[in-house]
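Reconstruct the complex from the two isolated chains, following the hints.
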Amino acid sequence: MSRSYTSTLMRLLVGFAVLLCISLSVQTSVQAASDKIHYTPDQIRDLGFEIAHELRCPMSVNQNLFDSGAPIASELKGQIFLMLEQGESKAAIIDFLVQRYGEKIRYQPSFSSATAVLWLGPILLLIGIVGFAAVFIREQRKPANTKANTYE
Amino acid sequence: MIPELGLIFLIISTVTAVLLSFIPLYASYSKNHYLFSYVKTLTALMTFTISASILCLLISFLVDDFSVAYVANHSNTQLATLYKVAAVWGSHEGSMLFWVVSIAIWGCMIVFSSRYEDQLYIGRMIAILAFVIAGFNLFMLFTSNPFARLLPNFPVEGRDLNPILQDIGLIFHPPMLFLGYVGLTVTFAAAIAALIGGKFTQQHASYLRPWVLMAWVFLTGGNAFGSWWAYNELGWGGWWFWDPVENASFIPWLVATALLHSVVLSQQRSSFKVTTLLLCLLAFSLSLLGTFLVRSGIVQSVHAFASDPTRGMSILFLLGVFVCGALTLFALKAGLIKSKSEFSLVSRDTVMLLGNIVLVVAAISVLLGTFYPLLFELLDLGTLSVGAPYFNSIFVPLTFVAVLLMGAAPLVKWQHESSNRLYPLAALFAASAVIGVLVALQTRDGFDPWVWIGATSASWIFLSLGYLVFSLRSQGAGFIAKKAAMLIAHFGVAISIIGATAVSNFETQELLRMGPGQGKVVAGYTFVYEATVDVESHSYTAIQANIRVTDSDNNDIGYITPQRQTFKTNAMEVSKAGIMRNLVRDLYVSSGQQLSDTEYLVRISHKPLACWIWIGGLMMMLGGFIAAMSGLYNLRRQQVAATKPLTTAQFAVKEPA
Numbered sequence: 001m002s003r004s005y006t007s008t009l010m011r012l013l014v015g016f017a018v019l020l021c022i023s024l025s026v027q028t029s030v031q032a033a034s035d036k037i038h039y040t041p042d043q044i045r046d047l048g049f050e051i052a053h054e055l056r057c058p059m060s061v062n063q064n065l066f067d068s069g070a071p072i073a074s075e076l077k078g079q080i081f082l083m084l085e086q087g088e089s090k091a092a093i094i095d096f097l098v099q100r101y102g103e104k105i106r107y108q109p110s111f112s113s114a115t116a117v118l119w120l121g122p123i124l125l126l127i128g129i130v131g132f133a134a135v136f137i138r139e140q141r142k143p144a145n146t147k148a149n150t151y152e
Numbered sequence: 001m002i003p004e005l006g007l008i009f010l011i012i013s014t015v016t017a018v019l020l021s022f023i024p025l026y027a028s029y030s031k032n033h034y035l036f037s038y039v040k041t042l043t044a045l046m047t048f049t050i051s052a053s054i055l056c057l058l059i060s061f062l063v064d065d066f067s068v069a070y071v072a073n074h075s076n077t078q079l080a081t082l083y084k085v086a087a088v089w090g091s092h093e094g095s096m097l098f099w100v101v102s103i104a105i106w107g108c109m110i111v112f113s114s115r116y117e118d119q120l121y122i123g124r125m126i127a128i129l130a131f132v133i134a135g136f137n138l139f140m141l142f143t144s145n146p147f148a149r150l151l152p153n154f155p156v157e158g159r160d161l162n163p164i165l166q167d168i169g170l171i172f173h174p175p176m177l178f179l180g181y182v183g184l185t186v187t188f189a190a191a192i193a194a195l196i197g198g199k200f201t202q203q204h205a206s207y208l209r210p211w212v213l214m215a216w217v218f219l220t221g222g223n224a225f226g227s228w229w230a231y232n233e234l235g236w237g238g239w240w241f242w243d244p245v246e247n248a249s250f251i252p253w254l255v256a257t258a259l260l261h262s263v264v265l266s267q268q269r270s271s272f273k274v275t276t277l278l279l280c281l282l283a284f285s286l287s288l289l290g291t292f293l294v295r296s297g298i299v300q301s302v303h304a305f306a307s308d309p310t311r312g313m314s315i316l317f318l319l320g321v322f323v324c325g326a327l328t329l330f331a332l333k334a335g336l337i338k339s340k341s342e343f344s345l346v347s348r349d350t351v352m353l354l355g356n357i358v359l360v361v362a363a364i365s366v367l368l369g370t371f372y373p374l375l376f377e378l379l380d381l382g383t384l385s386v387g388a389p390y391f392n393s394i395f396v397p398l399t400f401v402a403v404l405l406m407g408a409a410p411l412v413k414w415q416h417e418s419s420n421r422l423y424p425l426a427a428l429f430a431a432s433a434v435i436g437v438l439v440a441l442q443t444r445d446g447f448d449p450w451v452w453i454g455a456t457s458a459s460w461i462f463l464s465l466g467y468l469v470f471s472l473r474s475q476g477a478g479f480i481a482k483k484a485a486m487l488i489a490h491f492g493v494a495i496s497i498i499g500a501t502a503v504s505n506f507e508t509q510e511l512l513r514m515g516p517g518q519g520k521v522v523a524g525y526t527f528v529y530e531a532t533v534d535v536e537s538h539s540y541t542a543i544q545a546n547i548r549v550t551d552s553d554n555n556d557i558g559y560i561t562p563q564r565q566t567f568k569t570n571a572m573e574v575s576k577a578g579i580m581r582n583l584v585r586d587l588y589v590s591s592g593q594q595l596s597d598t599e600y601l602v603r604i605s606h607k608p609l610a611c612w613i614w615i616g617g618l619m620m621m622l623g624g625f626i627a628a629m630s631g632l633y634n635l636r637r638q639q640v641a642a643t644k645p646l647t648t649a650q651f652a653v654k655e656p657a
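Those protein sequence lines, which keep their order, are chains A and B. According to my numbering, the first sequence holds residues 1 to 152 in order. According to my numbering, the second sequence holds residues 1 to 657 in order.
Simulated from the structure, these hints should not be mistaken for lab results. Heads up, a few of these hints could be off.
[What the hints assert, rightly or not] DSSO-like mimics (lysine-lysine), calculated; alpha carbons at most 30 Å apart, straight line:
#: 1; chain 1: B; residue 1: Lys340; chain 2: B; residue 2: Lys199
#: 2; chain 1: A; residue 1: Lys36; chain 2: A; residue 2: Lys104
#: 3; chain 1: B; residue 1: Lys338; chain 2: B; residue 2: Lys482
#: 4; chain 1: A; residue 1: Lys104; chain 2: B; residue 2: Lys576
#: 5; chain 1: B; residue 1: Lys340; chain 2: B; residue 2: Lys520
#: 6; chain 1: A; residue 1: Lys90; chain 2: B; residue 2: Lys520
[What the hints assert, rightly or not] Counterexamples of contact, computed for chain B against chain A with all Cβ distances above 10 Å:
#: 7; residue: Asp243
#: 8; residue: Ser393
#: 9; residue: Ala430
#: 10; residue: Leu511
#: 11; residue: Lys568
#: 12; residue: Arg637
Remember, predicted model here, so these are calculated numbers, not experimental data. Glycine included, each C-beta is placed from N, C-alpha and C at the ideal position.
Same shape as in the complex, but just chain B (with noise of 0.2 Å):
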């Protein structure tokens, strides 16, 4: 009964999907008022249906509805019920359910808010959110139904979520993701509605960049949260392995990057118009070219989890639809759209559009390098490997000129600056330089100039930041702080690049066997593998070494206990790392293969800084959350000034800086 109610829910939310798809377009087309004034009802009635059908979907997984063939497959009575919960989400007909949820979601909060004035605008936005979400459901409905039944002869217990999702980093990780696609599919359909209205002006740019920061916050998280499990779980060792599935999001993050400094421009000097729309359209499609990359199963990945052809299909169609509609309209309207484009070739303007054009060509590099092996097969020219250390070579050069401009841009002035101001940039770069040669000298064999490339950046971001704030003290601590959100990403940003830095180049590491009695000194720490032991846990029976550290002053600071894990439902094996953290250093240690009755090959690493790339990343989002609340703020500011004229007028006129 259930399950037939949440199908019902998801067909009616359709149909509301198409007529909200035309009616707002239409209604704003003819001038019709009265038309109009439905957005609002069908908007909450789109999004009430579907958040029922996903509810309905959470039920079955609840009271374990095994005839319910996703179900079925996904979850078992034992499974926890936070699980059970995040199975909904697990696997492909579950997440694309939640995808669309979240759009509907996302989009009602949009529509129901009061800060937004251009309630034309917002109308058609909705209506090309509807339109996305129609396809998708459609999509839904005759490819991958969540609900579709087992019967008459249904499983008395199902199979069992996949037990690598069976974590707590991963319960984050994919819904994090979802919802910064989610992001960029909103701010997708708000560039389309500029582009259907023709215009995009500064008010537009406000509303769109809370939206984007809030998308690239999500994106952020995923990428992060992804990277930290990868980390921990795998056993690995890595923390980033430039595999096809990973790109897929990175690539629209380095976008979104892009993206939402274009906004900013847009916002405050009216500039770039053009580009940001570009930019929303081409963040949107390249999200949807890594789902497909994902779930087609068209890429080998060692994480590609509900791959299967037929889908690819499904969403090539949608891509194709959403991507050629997108640029015909763009191609046919772009003309309208006017921005001033008033600097001089040494700005902010400039070194901010320099920037943007580093983000999007490392983005297409990156596409290029996953796409790559696939093309080559397609055009018979044999089977290639484009691997870490092609990304490597060049993408580290390409953030390196980021950066370089990153830490430059808060130091020029808008529109104009005189070249003699750039004599302290110089200077500070010098400084930073120097810094970067005395790190690459602490290398093993002399000079290295990856750990210089990094050095120098993070001493850059340092230095020039640093600088700017205390060029600015004499304003305040209040100018200062309108200025967190940014110093917050891009000391994120530095944190990051320490952390990669010092674990790419200074990581010790050492691959031995060992078994119980045995031991080994690596980076001044003892390791001493006590004894093998037997470990079961509910889902999982897993062989863990119990390892010993002292370190280099004989102290014992705890143990280490990397697990074999091996999951009972599938039989699939899993290597647990034990890793020992602080500040500092990571000791990370995980055993592989067995090579004798008592023996194991266990690797052991120290890796210096390790943590401080994920620390970054935490700052990058907290400056990105701030900003976007900020950006909030200020549109219910003006919103209330404009409202009353008379008693917030000081407000107005100190707008925005």
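Isolated chain A, as found in the complex (with noise of 0.2 Å):
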């Protein structure tokens, strides 16, 4: 019985939270320091979406903020937006985040030295492999070079 009960106040906790935050009544009574972003609803809603499609829920497996329908999910989403509200910058929002939650929750990794092959690789293997084609080929033409060239 009493479990219910703290699930129901749970959702309802939940619920309000995203309720808060995703309501189109706009609320942007916030006192605008000189770097805080002043956005519009329609804004906040885009930038709000967009950020939860690049964090990962840390509790499904698998799925984005976004997608995932786990409590702690909806929370950080409330997160995001009451963030976006008080007019943090995506950046800033996102930082937040990996401070609380670790690097695993961005679904972007970040450029370092440990990335570095898995940012890099994709394009040196490209350069490499043309480079190597190129190579190859001209080897193989130097025999039939003259036969080529009078093909056509």
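Right, dumping it as structure tokens:
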């Protein structure tokens, strides 16, 4: 009995957080500090969804915050919208959440010496293979060079 | 009794497969024709016994024999017959058996077809296939026997087929993918056969081409069905999640795409033969690696169904044997395979080569991203996630390059193209870039480079292929019809790109709390939540939201009914999205957690051109299928021409375009 009571309470709280942040009732009575950004409601929604798409839900397996239905995901979405309403930038919000939940929450790993292979690998590979193919074909063509030139 | 029969059939087929993997090789080595004549008999025996074995498993499912552990774990008396059939390949043991049976049947069809004249080559190929079958059969017999019994205390009622699998989309998705992997196994065997023989002629390439195409068609279907299912069933609103398990099937698809273009080069131009062979080996290895990824459970995934670490080791062992063996053979013999490479820098050959390189690089990048978190943890560097933002930022530019090459290739001549004929191409590209800019300016915050990439890609394909058809019109409809397969498949790519770009960039969505009586306007459509009702089917109970939709002119266009299903057997919760679709947009509603007594978290999306993604996929499959069939038809015609040289001499001269 008490369990269902607490879970209902939880749902209400989560729902309240979500409602507070997503509802279109525009509450931008934030004291605008000089470095705070003033978003329109549409911008808040789009930016909030964008951030939620780029972060991983700490609870569900391999789902982003936006898709996840876990309570923690709703709470974090609420947090994102709250910070947006306070005029925080996207980078600041992501930094805040990375500090709280670790690097793993970021679906787009930041560039560092440890992730250099990840980010530079594909482009180096492309250059490498194209270069190799060019050299290889040139080598192969050498004996048949005269023939190829007279072909057309 | 029946399960024991099945096991005995499985054992017989294993023994036959072991025999079949040595006899043709020894016979061709010792030039023993008598011994070689056993190839057909052994192939038939192997195929018959292994098919009988899976039939026994099917019968066990149909008669609800719960003394068989596999049946007891994946079926019950309440399960619909269709799902009992699907349950045969619904989990690890059965899917392995299904895979092996498909390899045997595919191999048998090749051996008994009269299309293929080079019997020695076919014999070697079936030997390799039999070796793979023997490997997997032994793997099954020792670690995952589908016929293992639960005696004497067997349950009176079985468990259930994974509820997620109880959907029509998922009945087709796994076998399609397996058949794709089977096709890659066949091409792998063909490549090894060529390497053993030390030659890979244009004739061999023309054998290989339809097999590659069919493998590719199945892989395309497997990926497309999978994404269609995820879109409809998971209720997350996406159609591709870059999940490790999705990547596991997408990586072989990318390599198979490169392979099928490389085979064309080998067949028509007698060039890039070594590349073709290497791609065959690579595609098969990556499909095995994908299987390992899915079955071992080493990665976290939303849909790793049959994961078990001990199986992982066995698959890794098989992977090691096949890949090391194949690569060693490749290193020893690749030097014997001679290709012509007579083409200049500006030629269709170069364009296609570059395209294949880009595809392979894309595949390896996806592989890198999929395995990076794993390697990162193994090297004790901490944890990190690699997800959609990374994959999109790598994959989309690579796709753009591939698409540019794809549009250009048919317009550039083989071997050599004078550079002043490239001016029309440049003009076409300028036109598509302008279209791209116009589309990209339609986004909410001005110019969006991702939209530009998508729109430019799609219009580039349309313009360049349109120009191709236009410039070929003087050659007659017959000539254009020969290119039909390529045209359909490439237009399919453009259609998919349009769908993907539109959905990713022009979607309108809302996430809100809703209960009976509340409404919301999204993208001109009014959604009114009317009632919450309980729905019951034989396998689940569901809470269904009835949401009435009216369009901007206040016309009623119907109800959308998203559900939250709870399965009776294992209390698993699944959210099934409600979708109202037509050709220009999907209206997508999924209902999430309950927020109060009457209210739910509801997600409403307007997804423009969503179904184009899969229409494009179907077109690619159709194109591939036409190409495969015409390849088989040409083989038959060549064969007839060769056996009756006098009567069909004309055909033989006309041969391939």
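Consistency of the hints with the structure:
no.: 1; hint: B:Lys340 x B:Lys199; verdict: holds (13 Å)
no.: 2; hint: A:Lys36 x A:Lys104; verdict: holds (27 Å)
no.: 3; hint: B:Lys338 x B:Lys482; verdict: holds (29 Å)
no.: 4; hint: A:Lys104 x B:Lys576; verdict: holds (29 Å)
no.: 5; hint: B:Lys340 x B:Lys520; verdict: violated (65 Å)
no.: 6; hint: A:Lys90 x B:Lys520; verdict: holds (27 Å)
no.: 7; hint: Asp243; verdict: violated (5 Å)
no.: 8; hint: Ser393; verdict: violated (7 Å)
no.: 9; hint: Ala430; verdict: holds (25 Å)
no.: 10; hint: Leu511; verdict: violated (6 Å)
no.: 11; hint: Lys568; verdict: holds (21 Å)
no.: 12; hint: Arg637; verdict: holds (29 Å)
Checked against the numbered hints above, the structure violates hints 5, 7, 8, 10; every other hint is satisfied.
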